[in-house]
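Chemist: Turn these sequences into a full structure, and let the hints guide you.
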Amino acid sequence: MKIMMTGNYASAYGAMAAKAEVVAAYPITPQTSIVEKIATLVSSGEMKCQYVKVESEHSAMAACISASQTGARAYTASSAHGLTLMHELLIWASGARTPVVMSNVNRAMGPPWSVWADQHDTMAQRDTGWMQVYCDSNQEVLDSIIMAYKVGERADIMLPSMIIEDAFILSHTMEPVDYPDPELVEGYLPSFDPRFRLDVDEPYGFGSLVMPNWYMEFRFKINEAMEKTRGAILEAEKEFEETFGRSYGGLMDFYKCEDADAVLVLAGTVASTAKHVADKLRSDGKKVGVARLRCFRPFPYDEVRQLAKMTNIIGVCDRSYTFGHWGPMATEVKGALYGLADVPTVKNYIMGLGGKDLTPEVLEKVFVKTLQLKDTGLDTEIEWIGVTGHGGW
Amino acid sequence: MGGGRLAKFTIPEEEYMNSGHVGCLGCGACHAMRYTLKALGPRTIMSIPACCWAVMPGVFPLKCLEIPLLNTAFETTGASISGIRAALDAKGIEDVTVVGFAGDGGTADIGIQALSGMVERGTDVMYIMYDNEAYMNTGIQRSSSTPIGAWTTTTPVGTTRDWKKMPKKNMIEIMVAHKIPYTASISVGYPEDMIKKLRKAKEIRGPKFIQIYAPCPTGWRMAPELTIEVCREAVACAAYPLYEVENGVYKITRKPKELKPVKDYMAMQGRFRHLPQEELDDIQRKVTQEWEILLKKEEFTQSLVSE
Ligand SMILES: Cc1ncc(C[n+]2csc(CCOP(=O)(O)OP(=O)(O)O)c2C)c(N)n1
Ligand code: SF4
Chain A
1 MKIMMTGNYA
11 SAYGAMAAKA
21 EVVAAYPITP
31 QTSIVEKIAT
41 LVSSGEMKCQ
51 YVKVESEHSA
61 MAACISASQT
71 GARAYTASSA
81 HGLTLMHELL
91 IWASGARTPV
101 VMSNVNRAMG
111 PPWSVWADQH
121 DTMAQRDTGW
131 MQVYCDSNQE
141 VLDSIIMAYK
151 VGERADIMLP
161 SMIIEDAFIL
171 SHTMEPVDYP
181 DPELVEGYLP
191 SFDPRFRLDV
201 DEPYGFGSLV
211 MPNWYMEFRF
221 KINEAMEKTR
231 GAILEAEKEF
241 EETFGRSYGG
251 LMDFYKCEDA
261 DAVLVLAGTV
271 ASTAKHVADK
281 LRSDGKKVGV
291 ARLRCFRPFP
301 YDEVRQLAKM
311 TNIIGVCDRS
321 YTFGHWGPMA
331 TEVKGALYGL
341 ADVPTVKNYI
351 MGLGGKDLTP
361 EVLEKVFVKT
371 LQLKDTGLDT
381 EIEWIGVTGH
391 GGW
Chain B
1 MGGGRLAKFT
11 IPEEEYMNSG
21 HVGCLGCGAC
31 HAMRYTLKAL
41 GPRTIMSIPA
51 CCWAVMPGVF
61 PLKCLEIPLL
71 NTAFETTGAS
81 ISGIRAALDA
91 KGIEDVTVVG
101 FAGDGGTADI
111 GIQALSGMVE
121 RGTDVMYIMY
131 DNEAYMNTGI
141 QRSSSTPIGA
151 WTTTTPVGTT
161 RDWKKMPKKN
171 MIEIMVAHKI
181 PYTASISVGY
191 PEDMIKKLRK
201 AKEIRGPKFI
211 QIYAPCPTGW
221 RMAPELTIEV
231 CREAVACAAY
241 PLYEVENGVY
251 KITRKPKELK
261 PVKDYMAMQG
271 RFRHLPQEEL
281 DDIQRKVTQE
291 WEILLKKEEF
301 TQSLVSE
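Those protein sequences? They're chains A and B, same order as listed. Be aware that the first sequence starts at 1, since it is given in the working numbering, and climbs by one per residue. Be aware that the second sequence starts at 1, since it is given in the working numbering, and climbs by one per residue.
These aren't lab readings, by the way, just hints derived from the structure by calculation. There is no bait here: all hints are sound.
Taking lysine-lysine pairs in the BS3-like style, the calculated list, with each CA pair at most 30 angstroms apart, reads: (1) B:K255 to B:K202; (2) B:K179 to A:K48; (3) B:K202 to A:K48.
Modeler: This is how it looks when you write it as structure tokens:
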């Protein structure tokens, strides 16, 4: 059933389609319409879940973790300051092995206040043990929530996921979205049935103090599980495609990269713009491609190394930053390439922060700059796009 | 049977706390847990934040409590039990008591937001604050529940007379302001009263807040064998009155005929040793005043229901 909906409604519908049993969430721009829509779906009786209207994001995540440890499928949604307020509990969620799923609307961090698209909030959660899926369509938002439960709830994984949409560009833009047939979803995603949970008939303890000899064992197992998510994400997507006829390119979605002279690596909606620009440049005879990074965690090492075989120049476009270093994606891409015999030239662009518009013109400039490296060699490792350095006044 | 009167045994014999806890000698928090579980029984799920009791059940893989036990982050108890309740509700499980068991720091300070939210939402859970009147797990730092006059490692007295200068935060009153259905203070020195109030709370739907006076010999600079005695003294001088508030109506459950001097209670504990006479006099004035206010509250709210 196709419905016109925003990315935020796609999140709410995704939680409903996946039959989340407990939702605990707190409003923040530009995520608010997710919590409002869920409230509406619950109050109309369409969505059957316990909706806990918590007093903060911190409590939202704490409630989701505890609900998950009691055996319920838990969902929340947040953005920027809400997400970063949760930081302690994001680490707790993976430590507790709870396959909570959260939608996060990528928004810039203050100060200065900004409510517009920027991936810094999620990039800053890199080491929390969450899978991160960056979407570039509303359909992908909805579908990825269902797939995230499928992957996260696997007994050998039991880890949380963030499904990520760009502020406004996805969150508030309508697209036709197929709401999947509940029966098909039920077949695809069985109910959550964890081996260990809070249960008076089997009174286990969870999360107690451990001595140093044990602590590392637990962390090792989490890492093992996270390593497994690479294969699990691909399997879940394959089965999803067989069931629903849609797929999104696994961990890294390659577009016209095979014979490209230069490829831009991007995440989120800007990848769609880049694909459109790549088509235009190709019609002008310029061989460029786009590698859309869908998962930042687990990181697609193999895919990046594959990309190195397809092209000699990679431009990594970070819509975030790590002050004093390359952008987060560039750092990881370079790390994945280390040790290869033929390492492509890698240039990092910092762009689109705080909602600075990434128009086709901007993307075209970046493509051209990157292609030029073929003749000039690497001019600078990192370049901030569209800043004058003096605020433009 | 004969015609003799048999004392009614109100404290259940069942034990849900086994030997092996790692608390200190004479730890009041230990009794708090033991009687709580006796009162609530095995169909209880408990969430515990960082505090002495996060450690006391034993180091992994050991656990001395025979109930499902969840460790949660320091400031999250109210939210954690909300999540557990929501999950049980989603599964249609009704006959399980969900309990948060937190220290005074995790409750009155860092966790007060999550607690307030949980109570305001009317969540059907029991929140228990065991009150040892400081952050003990981290080594006796002041909390907002530390009484006026006390030495702690962050109110170290010194030459500047830097003891705790502000009065103890009154969590029961904060709960009353939330229009909570039931809140009560209890004390490990009065186990029958503990059992009675905890059982009563268990039967009430909605949020319940219970504050347990739980002496900490280590932090109070007191001999471990004084734990129960100090409980009795605290009630006798009204430094720690035992009462309950049910739907706004106060009932003082232990009413000494005549209050003993607070200084005798304080003299039992090294944490008050430094206090000069004028400070002791001032504390006495404050305690007496608080007690009189409490008596009036009881009288007034009782008069409302009897009308
Ligand atoms: C966010 C956070 N801040 C600080 C701590 C350190 N910490 C652990 S327990 C504790 C004090 C606990 O005091 P209280 O709640 O009164 O319980 P008690 O230890 O006295 O039993 C502190 C400060 C923590 N675990 N988490
Ligand atoms: S420090 Fe105090 S509260 Fe903590 S275990 Fe020791 S006696 Fe009990």
